[in-house]
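Chemist: Got chain Y; can you put chain S on it based on the hints?
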Amino acid sequence: MKLLKPTWVNHNGKPIFSVDIHPDGTKFATGGQGQDSGKVVIWNMSPVLQEDDEKDENIPKMLCQMDNHLGTDVDCTPGRVIRQKTQPTHRTILGQTAACVNCVRWSNSGLYLASGGDDKLIMVWKRATYIGPSTVFGSSGKLANVEQWRCVSILRSHSGDVMDVAWSPHDAWLASCSVDNTVVIWNAVKFPEILATLRGHSGLVKGLTWDPVGKYIASQADDRSLKVWRTLDWQLETSITKPFDECGGTTHVLRLSWSPDGHYLVSAHAMNNSGPTAQIIEREGWKTNMDFVGHRKAVTVVKFNPKIFKKKQKNGSSAKPSCPYCCCAVGSKDRSLSVWLTCLKRPLVVIHELFDKSIMDISWTLNGLGILVCSMDGSVAFLDFSQDELGDPLSEEEKSRIHQSTYGKSLAIMTETQLSTAVIENPEMLKYQRRQQQQQLGQKGASARESSSATSVAVNGESLEDIRKNLLKKQVETRTADGRRRITPLCIAQLDTGDFSTAFFNSIPLSGSLAGTMLSSHSSPQLLPLESSSPSSFGISKPSTEQTVAVGSKPVGEAVGKDSVTATSTPTASSPSVLTTPSKIEPMKAFDSRFTERSKATSGTPVLTSVPPTVTERLKEQNLVKEGRSRDLQESSSDSDEKVPVTKPSSLSKRRLELEAETVEKKKKGRPRKDSRLMPMSLSVQSPASLTAEKDASCLSAPALALKLPIPGAQRAFTLQVSSDPSMYIEVENEVTAVGGVKLSRLKCNREGKAWETVLTSRILTAAGSCDVVCVACEKRTLSVFSTCGRRLLPPILLPSPISTLHCTGTYVMALTAAATLSVWDIHRQVVVVKEESLHSILAGSDMTVSQILLTQHGIPVMNLSDGKAYCFNPSLSTWNLISDKQDSLAQCADFRSSLPSQDAMLCSGPLAIIQGRTSNSGRQAARLFSMPHVVQQETTLAYLENQVAAALSLQSSHEYRHWLLIYARYLVNEGFEYRLREICKDLLGPVHYSTGSQWESTVVGLRKRELLRELLPVIGQNLRFQRLFTECQEQLDILRDK
Amino acid sequence: MAKVSVLNVAVLENPSPFHSPFRFEISFECNEALEDDLEWKIIYVGSAESEEFDQVLDSVLVGPVPAGRHMFVFQADAPNPSLIPETDAVGVTVVLITCTYHGQEFIRVGYYVNNEYPSPELRENPPQKPDFSQLQRNILASNPRVTRFHINWDNSADDQLEAMDSQDLSLSGGLPFSCTPLKGLGLPGCIPSLLPENSMDCI
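Line order of the protein sequences matches chains Y and S. This note's numbering applies: residue 3 is where the first sequence begins, and numbers increase by one. This note's numbering applies: residue 129 is where the second sequence begins, and numbers increase by one.
Here chain Y stands alone, though its shape is the one from the complex:
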């Protein structure tokens, strides 16, 4: 065994709380304290493994550092993380505890790194692949980030410091534990979804470990208990307290570990006969008969080797297979480390005084031969074993064979990623699955093609060097309204965090002088696989750079610690040597403050006369403009409430207001009538208060009513276009003097060149038409209806009060009277659909007005009100139904994007879409803004989708009903809501056997229910969890078809 303390792995002397080696063995992460925040650093492994690499300056040691974990006092509002603003000195003066990253863990795939810290957050990091190395500008080249890791998810739920995080086998789940006494299980496939919050501990939870087969998760807490939870239902399996009864005092962490064969769970700090131990808990019956004894102080961390070993086969000896065994490392507060093999009664090795302070974390390399140990003292040690010492590691196949023989095939984990292992029970299901896979492949291919073409486009142009040469000439410079220069920066790369954006730019280190070295190092292959590190390379490592100690032969004395301390302090002492000529140092001190303090110039004092307006003035100007605008909008601005005279009102809200104002205006102007069947009409219907006197006068015999809608004034002549395709328009000419001085009104209709005309005795106030009927309302409260050829279909209808709005769709005629009553007739069938229904109930508010009226193809009237609500009248129930609300928080919170069929299919036209407009993206944004718990989002989304389905149904808009039903079903499938899905299927399927008592209708809004169900089947088939439901429906549909 060899021991090495790489002194360059440090957090500038600050404690390192956690260490984890990347699954591919090329790098490792440390977490601990930073300057004024928690810090995560990713290090290159090869300089640890090989001395040559350590000496080679071109091989970077640090790959990336992230100090995004914030202080203890964090504003947790997402999107706006205000960091606690303190100088390090303040922190120490005030005696605050420094923020800290308590745990870093790589996912098993190695794609993600999760870190948990005192800021109550778990951050999930992913490597941004396209961005090459970059320096932290202004810092020395050594601090460069060779790799870019970006935070892709921030998981918020804990109300206290996060102490430990753990990825489940296969990366299906991520567990985190906290001093808030809870363990949270996150859906690692769908962050930030929380699958369960495990409550039961009554003390700070300080360690977590997953069962290697995924059936259990164990947690250890300060409440002197170790709890095992089932992953099946996230309930408590057992709570073990006996070995911990004596435990006093607290350790910072209690990192327990499960053996790779699953047989044993080993706890951190336990007590046996008042001696500190690591308790061994057997999976069988959770027996606690054995423990690891010997440490003088509490055990802080236990870590099993990921490999299972078997005895090294000696060449001469008989091939008698020995029992496989596991290997476990135990670290303690007594600063020593012990390594045990489960086949031995004594530890394989004990290393005393490895550190100056408590051991905090241990990580094994994936090959099982090396371990990294970190300590509160801020240093890290690496131990390298040989196979002779540990034994022959079993291969992964052998390991899984052990798992299978011990636990059977039924691994508890069943997630989306794991569904491939589920048995498909139905050939139809198999077909669907296959088809789906093919489609996905096709899509992937297409997107790959797209991205490759994008790359060629971007790279075709110029190299970065060319861009840089011509940047000044090429960059777009404009002048703002107040005469200031405005430069549009050249976008040289997009961020590739999250799930979007193809990397289309191969980044080259930009910095001229600083990153020059980085460029060369980046191009050289610096990351060597772990396997290539033969033990011999360790023999060469010399004490000049680090301590190489053969354990056992030499006691690791204090010298190690001291050396490491001095070595650690050197990098921090790098002093700035700025200018070459020493004579010029004198004035430079005088400048020091200028670099760090904001000067007058930045705060906006004009120094030169030629200087363009400074910030203050600009701000003032902006404010003036904005105030002006806000007055125009009659906005009840809070400006006056502000204490400070020169405040800048939030421009965001202003913009929103302006936007709203614009949209309102647009509506007033009316929409272009493209759809001949659905013609939303725009009205300026007003409440009595705003009605003009003359209009009142013109009202003929209007009964005294609370609500009065405006009446169109009689015009001499007007023309109305009914539709453009087929081209059809109505011309009205009032008071055409005919024979004998009788004044008549003439109605002309022109349809695709064919015209007809007729005369009426009263002045025509308003007219409307559709492809089937033309109707006009006259001054004498009469309504006349004509066929498309000009034949009168009905004797004049006498309206109860003067007409306000007339509308036609298909064979339906809608009349809204001044007394705010609404009638709809079906002219073709000569029946009343809506009979003098009052708008009182929906116009109850004080200043409400009708902003838009719509009559659907099925004769359902829809009123859009000025407050953003829209109601439709349901003739069968005789009720006004709220179908849309602009202020509806459900619509803003719902996120069902994943359930949308595809981008283009999102655009579903119909009355509902016309009324609601496009509010598609808001849900996701809302989720970001408010960081809703997933459960809440689910509920709001469900509620919203159900509203949509119901609204489409009451509008009798079959197309939209189908659209929303499919989205709803897809959402239910994705989120796994079986009951509701089953109910839908049941309703669509109806009774399989005919019975007279059945109330079941075979159609819904003109759609055959069973046809709909057929459409739903592939959706249901997407989730294997619902394969039973799929099969049921499929079979019954087949039976029905055969009948």
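Worth flagging that the hints you see were computed from the coordinates, not collected in a lab. Check each hint, because a few of them may be wrong.
[What the hints assert, rightly or not] Simulated pairs of lysine-lysine, DSS-like, Cα-Cα distance not exceeding 30 Å:
#1 S/K131 - Y/K192
#2 S/K131 - Y/K475
#3 Y/K476 - S/K257
#4 Y/K128 - S/K131
#5 Y/K401 - Y/K313
#6 S/K131 - Y/K16
#7 Y/K401 - Y/K312
#8 S/K131 - Y/K471
#9 S/K131 - Y/K63
[Claimed, not checked] Reference excerpt, derived from the structure (chain S facing chain Y, CB under 8 Å, subset only):
#10 L162
#11 A176
#12 R236
Since this is a predicted model, take the numbers as computed values, not measurements. Note that CB positions come from ideal geometry on N, CA and C, so glycine has one too.
Modeler: For chain S alone, coordinates are given in the frame of chain Y:
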């Protein structure tokens, strides 16, 4: 977490005669699309003795800034020699590049600048009155001194803080360090946004 981080500032055309314009190629990265423009300034420190001799050489707005990496060249005219004290004309001074968002400065990049006569004769016997046409400006490009400040990036979020900032600007004089504690922001008794983030990221 700052929304904008400066990746690099390259000093172009250095060294150059005193009267030639300053040119900096600035690349920066933005995590999240910015609602408003960034404002960049070049400030020439005329004298170490007093801020009075600071000259804002130029200020530009940069925008729109979507998420991603961007670069631009910031060019500004040379300082006005008549505003530089004669005793400070030759020797070392400082040029600062600052960037503000919503009037709040979040980064300051400082370079030492050495103005000297290139010809040995003039260096030996400098003229009584500095001859700016003969001076050469050398920016010590390899040693930028970067100071980052915490600011409130979100416009709509904390009006109070913002109000405070605009007030600071309008005062244009001494900064009010003794202010009332701010709600919801750590440490009472000091304005957090005025404290440097990592007091110095320097070499």
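Chemist: Work down the list of hints and note, for each, if the structure agrees.
Modeler: A quick look at each hint next to the structure:
1. Distance check on the hinted pair: S/K131 and Y/K192 sit about 25 Å apart at the alpha-carbon level, within 30 Å; holds.
2. Annotation: proposed proximity of S/K131 to Y/K475 holds, straight-line Cα distance about 28 Å (limit 30 Å).
3. The hinted pair formed by Y/K476 and S/K257 fails the criterion: a straight-line CA distance of about 40 Å is larger than 30 Å.
4. Restraint check for Y/K128 and S/K131: satisfied, since their Cα atoms lie roughly 18 Å apart, inside the 30 Å limit.
5. Of the pairs offered as hints, the one joining Y/K401 and Y/K313 holds, with about 15 Å between alpha carbons and a cut-off of 30 Å not exceeded.
6. With a C-alpha separation of about 27 Å, the suggested pair S/K131 and Y/K16 falls inside the 30 Å cut-off, and the hint holds.
7. For the given pair, Y/K401 sits about 11 Å from Y/K312 by alpha-carbon distance, which is consistent with the 30 Å threshold.
8. With a CA separation close to 27 Å, the supplied pair S/K131 and Y/K471 stays within the 30 Å bound.
9. This hinted pair checks out: S/K131 and Y/K63 have alpha carbons roughly 27 Å apart, not beyond 30 Å.
10. Against a cut-off of 8 Å between C-beta atoms, the interface hint on S/L162 is violated, since the closest Cβ of chain Y lies about 11 Å away.
11. The interface hint given for S/A176 is met, as the beta carbon of that residue sits about 4 Å from the closest beta carbon of chain Y, less than 8 Å.
12. The beta carbon of S/R236 is positioned within 8 Å of a beta carbon in chain Y (closest approach about 7 Å), and the interface hint is therefore held.
Comparing the model with each earlier hint shows violations of hints 3 and 10; every other hint is respected.
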